[in-house]
Every structure is written in structure tokens, then in C-alpha cells.
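Counting from 1, one number per residue, gives the positions in the sequence shown under UniProt numbering.
In case anyone wonders, no lab produced these hints; they're calculated from the structure. Every residue, glycine too, gets a C-beta built ideally from N, C-alpha and C. Fair warning: there could be bad hints in the mix.
[To be verified] Now the in silico label distances, taken between C-beta atoms and shown as ranges:
1) GLY80 with ARG110: 38 to 44 Å
2) GLU91 with TYR220: 22 to 28 Å
3) ARG119 with ARG25: 18 to 24 Å
4) VAL205 with GLU91: 34 to 40 Å
5) ARG260 with TYR202: 28 to 34 Å
6) ALA69 with GLU101: 32 to 38 Å
7) GLY190 with ARG40: 17 to 23 Å
8) ARG38 with VAL205: 31 to 37 Å
9) ALA62 with LEU192: 24 to 30 Å
10) VAL48 with PRO191: 16 to 22 Å
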Amino acid sequence: MRTSDFSRTPPLGRAEALVVTDRVRSAAGAPGMVRQRRFRERDLPGGVARRRGVLAFFATLADAERFAADAERSAAGTGGGFAHVYAAEPEGYSNGVWRAEDRSMAHVERFAALSGEVRRGVEPPRVAEGGDGAPGYPRRPGGSSGRREGGGRRGRATGADRPAGARGPRAHPGLADARAMFVGATRYTGPLAWLALARTWYPMVAKMQRLRGFRWYAVYWSPPFTLGTLAFFSGRDELLAFARMPEHRDLMRWITDGERWGTGGYIRLHGRVDAAARSAAADPADPDADPVDADPADDAGGTA
């Protein structure tokens with residue numbers, strides 16, 4: 001369910017900004033740093049064999065911008081590299097024990113609108129439509145042997161099912177090219193829930209990695225049975241298109257069907273803050289400076 005209050009979510013849900021950079025390897029000791037994770041990329045386009053760096057979440061956007069500026073200064077004169085700041089959107093999603101408003105487990109009625117739908121004034125599709133063809137019918141992931149609406153068996157994307165931009169294995173530009181990401185986690189009830197999840201999770205991730213807008217992802221674990229995801233995309237629309245994949249729709253409906261499989265979840269979307277906007281925001285004396293755009297129009301798991 002949608003929310004703007006993340007006070008009961010785990011630390012990554014409460015972080016208001018993120019820095020992704022290959023100019024330093026650690027954010028340890030940085031003011032406001034909430035959590036960090038080192039990353040490594042290989043075989044990138046343009047002949048880049050390897051890239052290493054850090055993803056660091058910060059309590060505030062100002063903390064993130066200071067760290068990014070320090071990383072840029074430390075690498076001055078070396079050439080190349082990047083330090084990108086992402087700002088969390090004010091609204092996101094929470095459920096169950098991590099929801100501040102109440103403890104309800106329910107998915108949103110409709111998916112978030114794509115930029116084209118907003119321009120045309122079109123309502124996005126309902127989450128509870130499609131899939132098994134029965135609105136509101138929750139299904140165990142991977143558990144249906146029937147055919148999907150419009151033909152084609154579950155687990156195999158037909159030409160009609162396949163998300164726009166889906167391709168075979170390909171080299172992606174990687175984190176340096178990403179402009180949108182989400183961080184989310186689900187608090188599962190135990191190993192049986194993980195086993196049920198796996199039947200849809202692995203095919204969903206394989207399909208996600210073939211999407212044109214996909215850039216990078218990682219999974220993390222918190223005891224006892226929480227699994228979280230960080231995923232980066234080329235833009236906000238590409239991220240939201242992933243959320244509409246049949247597999248993700250099934251997971252949203254499955255995990256929010258009571259508390260048999262999970263007792264909490266959250267998602268936050270982050271959009272990249274352009275360097276020019278960051279520089280302008282850092283100079284409040286400039287009356288012509290544009291405000292920081294925390295949700296770029298051309299930008300962008302767990303449970304909804």
C-alpha cells in the first residue's frame with residue numbers, strides 16, 4: 001500500500017538518498033551514512049573489463065551530496081569515473097509490521113503510472129487484473145499449470161506477454177548509466193516461504209536481466225528471513241515497466257494475501273539527481289539556480 005511514512009521500515013527504507021560511485025571503495029565514517037555495499041561489474045561495453053565501487057545510503061540528501069562531492073575531489077585529475085546521487089521519492093510502499101499507518105497486508109489497486117500514461121491522462125492497469133484472469137485471486141508463485149489470458153503457458157513469455165524491450169542475454173552499460181532504482185525488502189515467515197518464492201523469483205530475475213532498461217541488481221539478507229533487493233534501471237519508466245511483469249504481479253498478490261508467507265514489506269524508488277542541479281543547489285547565493293529535481297521526469301520487488 002502507498003505511504004509517505006517509512007518510520008517503521010528497516011534502515012534502507014528510511015534513508016533519503018543514495019550515492020553510487022567508483023571513485024572510492026568505501027563510505028565508512030561518512031557523516032549520515034546508513035549502510036553501504038561494495039559493487040563489482042565486469043565485461044562492460046566500451047572495453048571496460050572491470051569496475052569497482054560502493055553504493056552508500058544516507059540519512060539525508062545533503063549528506064549524500066557532501067559524500068559525492070568529496071569522492072569527486074579525491075579523484076580530481078585522475079579522469080573518468082562517476083559519483084551519482086539518487087534522491088528517494090516522497091511516496092513509496094509499505095505493508096504489515098513495517099507499515100506506520102496500520103498493519104494491513106494489501107497491494108495497491110493500480111500500478112504507478114508511466115510518463116506516457118500521465119501525459120495522456122490514462123489510468124494505469126489494476127494489479128488484480130490479468131494473471132489468472134480472475135481479479136483479486138491470489139496464486140502461489142509458479143503454482144498454476146493453466147494457460148494465461150490470451151494464450152501461452154505460465155513461465156514462458158509469448159510475444160504478447162513479453163515486456164517491451166525484452167531481449168536475449170546482452171551487455172548492459174551498468175551502474176554508470178542508471179537513472180532510477182528501487183530498494184525493497186520482504187519479511188518472510190520462514191524457509192517454506194522462500195521455497196514458494198523461488199518458483200517465480202528466479203524466472204522473474206532472469207527476465208528482468210534481459211530488459212533493455214536493466215542496469216544492475218543485488219540481493220541482501222537480514223536475519224531471520226528478510227530478503228531485500230536493489231535494482232537499477234536506465235529510467236523511471238523502465239523500472240515501472242518491470243513492476244508490471246506477470247511474475248512480479250503474481251508476487252505482489254501472493255505475498256499480500258494474509259500473513260502466511262510474509263509479515264512485512266516496503267519499496268522506495270530513487271531518481272538520479274543531475275550534476276548540474278546538485279551544483280546549483282550547493283550554491284544558494286545564485287538566485288537563478290534551479291531546485292534539485294529529486295524525481296526527474298525521464299527517470300524512475302519487495303512488496304507493493
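Quick rundown of the hints versus the structure:
no.	hint	in the structure
1	GLY80 with ARG110: 38 to 44 Å	42 Å, holds
2	GLU91 with TYR220: 22 to 28 Å	23 Å, holds
3	ARG119 with ARG25: 18 to 24 Å	42 Å, violated
4	VAL205 with GLU91: 34 to 40 Å	26 Å, violated
5	ARG260 with TYR202: 28 to 34 Å	21 Å, violated
6	ALA69 with GLU101: 32 to 38 Å	36 Å, holds
7	GLY190 with ARG40: 17 to 23 Å	31 Å, violated
8	ARG38 with VAL205: 31 to 37 Å	21 Å, violated
9	ALA62 with LEU192: 24 to 30 Å	44 Å, violated
10	VAL48 with PRO191: 16 to 22 Å	39 Å, violated
The structure fails hints 3, 4, 5, 7, 8, 9 and 10 (numbered hints given earlier, in ascending order).
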